[in-house]
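Asker: Given the coordinates of chain A, work out where chain B should sit on it, guided by the hints.
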Amino acid sequence: MRRTGPLKLCLICGVVMIIQFFIPHRFSKNLFEEAVHWLIVCGVPALVIGYYSIFHVHWTKIRRKREGWGYSIIIFAAVIIVALIGFIWGIGEKSVFMKIYQYMTMTMQATMFSLLGFYMASAAFRSFKARTPEATLLLIVALVIMFGRVPIGESVFIKLKLPNLVEWVLMYPNMAAQRGIGLGVGLGIMATSLKIMLGIERGWLGGAGK
Amino acid sequence: MSHDPWIWVAAFLTLCIFSFLYKDNPFYRFAEHLLIGATLGYALPLIWKNVVTPKIIVPLQHHEYWLLIPLCLGFLYIARLIPKYAWLSRWPMAFALGTGSGIAIPLSLQAGIFKQIQGTMLTKAMLSPSVTPTAHIIGNIVMFVGVITTLIYFYFSIKHVGTVGKVARVGVWYIMLAFGATFGYTVMARVSLLIGRFQFILHDWLGVIK
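Chains A and B, in that order, are what the protein sequence lines are.
Note that my numbering numbers the first sequence so that position 48 is 48, with each residue one more than the last.
Quick note: to get my numbering, add 1000 to the position in the second sequence (first position is 1).
Next comes chain A alone, as it looks inside the complex:
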């Protein structure tokens, strides 16, 4: 019961959702909407696990005074302060809560991602060597895309009509490979979903309480 019950529920839910897709009726549409609603409601308590997990890790770090435990206090303080500000003063467009998002969270996220620009450039400089024709192609296309997307590229290679060439490369040969990979991903999603439904893939059951 501890294993077969959930497996049966998984199969029934999956089969019902597949059948409803092929029935063009209002009842079927309502069933789909209700299932999505139930999924959201069912997922909300799972957040407790997520927050518990991160708090547990950092609380243990503080309690045992492990290296960098002071930073864990910053996490606790930030979570509590930002959440309280949101709950007490609201989350409207001009609220302090949104200012925190705009001037702290968004700023830090953008800076973190912009940092990656430096590391990508240095990694590319070290590893991008035109050793094989395929690697040369990758290098050339990357450079063409980069130059074609900035005003300087447009003005330097004026006769080549670089932006048009970039557009064409992105629209056709690039899209062809992306589509080929996408088809593989689509088939992969279907195969994995079927394996889960049929109980062939059981990793999600975990090992607790056989």
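FYI, nobody ran anything at the bench for these hints, they're computed from the structure.
Positions of the beta carbon are idealized from the N, C-alpha and C atoms, including for glycine.
Hints should not be assumed to be uniformly reliable.
Stated by the list, open to error - Partial pick of chain B residues on the chain A-facing surface, computed with a CB cut under 8 Å: (1) A1010; (2) F1020; (3) A1038; (4) R1090; (5) W1091; (6) P1092; (7) I1113; (8) A1135; (9) I1137; (10) L1202.
Answerer: For chain B alone, kept in the frame of chain A given last:
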């Protein structure tokens, strides 16, 4: 120079993160942990307002008590924290995975496979010079060849020798081209973020550029 305290906070945090370019240091680690905490704290009021209130509280106030079923099912996730009852968490997982798989299979079939095949197919109009510009005709043929060769490259049930090997080789060229395009695009996205950060520091904060 700006007189807005929020701009000063954002500038300080931006510099804290950029300091990582020198080496890992307490300023960077402070910003890093603050980002984690602020993001977690930001999510709580948002989830409460956009998910818990409209999807759970309001329907319950309107006597839609059947929603207690997925809610109670969701609370079983928390059983994961009690080793003796951890197996109970399989029930909400079974519901989420089963329903998710049932939704994913037909959708993936429709959007990930049929639509992609449909988009790749060549029609008379797509190859007719009177209807389609030459660059697009060439593009359509390039796209068709690209999708077929990429798929053959990923088909590992037959050995890549002889004709299949040659076709798969063309697929590799397409894939390398797509990787080059993706790399170039990603670098440009990061660089534009970096420009945004410098604009913020030099324009919004220091006011040295207009």
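Asker: So, for every hint listed, does it hold in this structure?
Answerer: Going through the hints against the structure:
Hint status for A1010 of chain B: holds, given a least beta-carbon distance of 4 Å to chain A, under 8 Å. Hint status for F1020 of chain B relative to chain A: holds, with the closest Cβ pair at about 6 Å, below 8 Å. For A1038 of chain B, the interface hint holds, since its Cβ comes within 8 Å of a Cβ in chain A; the closest pair sits about 5 Å apart. A hinted interface residue such as R1090 of chain B counts as satisfied when its beta carbon comes closer than 8 Å to some beta carbon of chain A; here the least separation is about 4 Å, so the hint holds.
Given the 8 Å rule on beta carbons, the hint for W1091 of chain B holds: about 6 Å separates it from the nearest Cβ of chain A. Annotation: interface hint on P1092 of chain B holds; nearest CB of chain A at approximately 5 Å, less than 8 Å. Of the supplied interface hints, the one on I1113 of chain B holds, with its beta-carbon coming within about 5 Å of a beta-carbon of chain A, less than 8 Å. Because the beta carbon of A1135 of chain B sits about 6 Å from the nearest beta carbon in chain A, less than 8 Å, this interface hint is met.
Here the hint on I1137 of chain B is broken, as its CB sits about 11 Å from the closest CB of chain A, past 8 Å. A cut of 8 Å between beta carbons decides the hint on L1202 of chain B: the least distance to chain A is about 14 Å, and the hint is violated.
Going down the numbered hints, you'll see the structure goes against 9 and 10, while the others check out.
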